[in-house]
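S.K.: Here are the chains, one letter per residue:
Number of protein chains: 2
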Amino acid sequence: MKAIAVRPGKPNSVHLADIPEPHLDEVQGGRGVKVRVLRVGVDGTDKEINAAEYGAAPPGQEVLVLGHESFGRVEAVGANVTELFPGDYVVATVRRPGSSIYDRIGLQDMTTDDIYFERGISLRHGFLSEFYVDDAAFLVKFPSGLKEIGVLLEPTTVVEKGIHQAYEIQRRLRVWQPRRAAVMGTGTIGLLAALVLRLRGLEVTAFARSPKPNPNARLMEDLGARYIATPERSVLDVAKEEGGFDLIFEATGASTVVFDSMLALGKNGVLVLSSVTGGDRRIEVPADRINLEFVLGNKVMVGTVNAHRDDFERGVKDLAQAEAQYAGWLGRLLTHPVKGLENYARLFETLVSARGAIKVFCQVADF
Amino acid sequence: MKAIAVRPGKPNSVHLADIPEPHLDEVQGGRGVKVRVLRVGVDGTDKEINAAEYGAAPPGQEVLVLGHESFGRVEAVGANVTELFPGDYVVATVRRPGSSIYDRIGLQDMTTDDIYFERGISLRHGFLSEFYVDDAAFLVKFPSGLKEIGVLLEPTTVVEKGIHQAYEIQRRLRVWQPRRAAVMGTGTIGLLAALVLRLRGLEVTAFARSPKPNPNARLMEDLGARYIATPERSVLDVAKEEGGFDLIFEATGASTVVFDSMLALGKNGVLVLSSVTGGDRRIEVPADRINLEFVLGNKVMVGTVNAHRDDFERGVKDLAQAEAQYAGWLGRLLTHPVKGLENYARLFETLVSARGAIKVFCQVADF
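For the record, the sequence lines run as chains A and X. Be aware that the first sequence starts at 21, since it is given in this note's numbering, and climbs by one per residue. Be aware that the second sequence starts at 21, since it is given in this note's numbering, and climbs by one per residue.
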């Protein structure tokens, strides 16, 4: 069958591969599920793997099939699969268990192992192919009525995990009631973070560089969030004038913003770091002040990566609520479809260079 | 009665004051407790208040009685005090409730108010006097068999709160089992942090500037902790060679150490910031790397100040266990007693300039 793959370690090696179609019995205990792939989103991770910054093929193989943001339909299930049926729409989680104590209880998103097993990223093939097979334990059922936006579930789970971790951490405060949130960055993750926070009733201020008007600012405002262009007013300006934020979700990929955000938290505030900063940037920071404010204000900063199966379940509920509350909004994130695995070159060109892209994805097959 | 007080705002104003003896009925509802003060520890906060860096007298008064690390004996109790009797030894908590939702449920250590009410620090008299009166709700009974080290309870609560917050936060990991801890700094707080972590079974490495041998290093080693002099080997060196730490307790007062500590955490690690850095120091940090490691390792940083009543209760239990396990160790922290409130000048001179001081305290009255 067709698949989009790279040769890990070789820059710009993305190509159309021909790989064997997977079989149900590749999963033991009758728990296999065969899924026809319908759509797969691509993001910075795919770009970086194709640039050979990281990524690893499954043991003994030369290529790695890309794609970790999946959406598909069940074709067949093993004898012991009770929770899914052919025809069901599903999204697969990404990381597979290693050996740490966290992996052993289904918390592989919190693994302490040095080696990760991640579909489409590290040591396991991804979903940019006609079919895939996986254990039912790693598949999350998705409502058929929302299938048009199903490919947004995986990026939503990044946000769900970060916000859930913040709330878990703040249980220590017993009566934490966050009201004011800031979202740093208005890319896919920033937009989805604002959505999830708005659904929880928080007032959201989004910060990004581009002046208004711009489509992402409009998307923020259509959620009832405020959009501020940082050249005019920074998160520190706003914190100084209006008070610090209860929750800040950082999704810019710029580490300078991380340190500004530390100073824009209110007392008992929590800063969620979700963006990957692969560079080597060093900056000067007001070290005494950052420490002092964290101490005197009982503040927290937490890093978050990957997502738990429960974050996928929470994501399904939030996407459903979003469609009910902000009808059509999620569909507006699906800016750049590319039809067919064979158009891999255009898929990656769009990913790398399309202006105004929010979500670039491959339409592998029709619904 | 005699008291040691300052005129807030006036540097070096510490003096012996004559103030009215407090009465039980200053507390409403028959919940008052009158306490004879036996010992009061002093620390950097007292030094900074006497330097007029902060501190505020009670409304309508010109002086602030100093002292927040108390130890005393109950003289008399109001009609509705059931939990304390005359003759009981007690330690008072420091912060009194303001008006935020946290204050209203006894979590004034997590207040979001801008104004603090803290005995001996802000708007409330401290304990450096012959007697004090307070509500029974703010007094914690201390075992008579441990009275010699009772004055160490309040500093211990700083450590108890920080470590408790770390464990509360890590409940999100469900099976967190920290094994390797680092303690930055070997002053009173660093020593007590190492003690509390050792009592919880963690392997502890303490980092400080002074080469071995020195008394604080010896104290660390007597707990079974390892002492490393940072000019020889930094926390980053150790993390690189032996792996990152599960928990780091920062108690140096040097913000450069804070940022080094961020990079010395292991996956799922937690960094507890407890030291006050009042300066204006700016430093250059590897911003991309700090953010990246927090994100990929699901790491947490938390600031902590003040302590909850429960932290005092936990402190009592830990001090009792410490005496049972490391007999005599706590007594060795009581390096510099100064007898009598009238010797306030020597008390402060010792606090400011004594070499090798761990705990400087005033013996206000005999047991």
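Treat the hints loosely; a few may be bogus.
Because identical chains share one entry, a pair is satisfied inside a single copy or across any pair of copies.
What the hints assert, rightly or not - Pairs of lysine to any residue residues, derived as SDA-like cross-links and limited to a Cα-Cα distance of at most 20 Å, are as follows: (1) K167 x L354; (2) K260 x P357; (3) K232 x F279; (4) K67 x P78; (5) K287 x E188.
Source of the hints: derived by calculation from the structure; they are not laboratory data.
S.K.: For every hint, state whether the structure bears it out.
M.R.: Cross-check of the supplied hints:
1. Proximity of K167 to L354 under the C-alpha cut-off of 20 Å is restricted to the intra-copy arrangement: shortest distance 12 Å within a copy versus 69 Å between copies.
2. Proximity of K260 and P357 under a CA criterion of 20 Å is satisfied in neither setting, with 42 Å inside one chain copy and 44 Å between copies.
3. Taking CA atoms no more than 20 Å apart as the test, K232 paired with F279 passes in neither setting, with 25 Å inside one copy and 36 Å between copies.
4. Only within a single protomer do K67 and P78 lie at most 20 Å apart by alpha-carbon distance; the minimum there is 19 Å, versus 62 Å between protomers.
5. Taking the closest pair of Cα atoms, K287 and E188 come within 20 Å of each other both inside a single copy (17 Å) and across two copies (18 Å).
In this structure, the earlier hints numbered 2 and 3 are contradicted, and the remaining ones agree with it.
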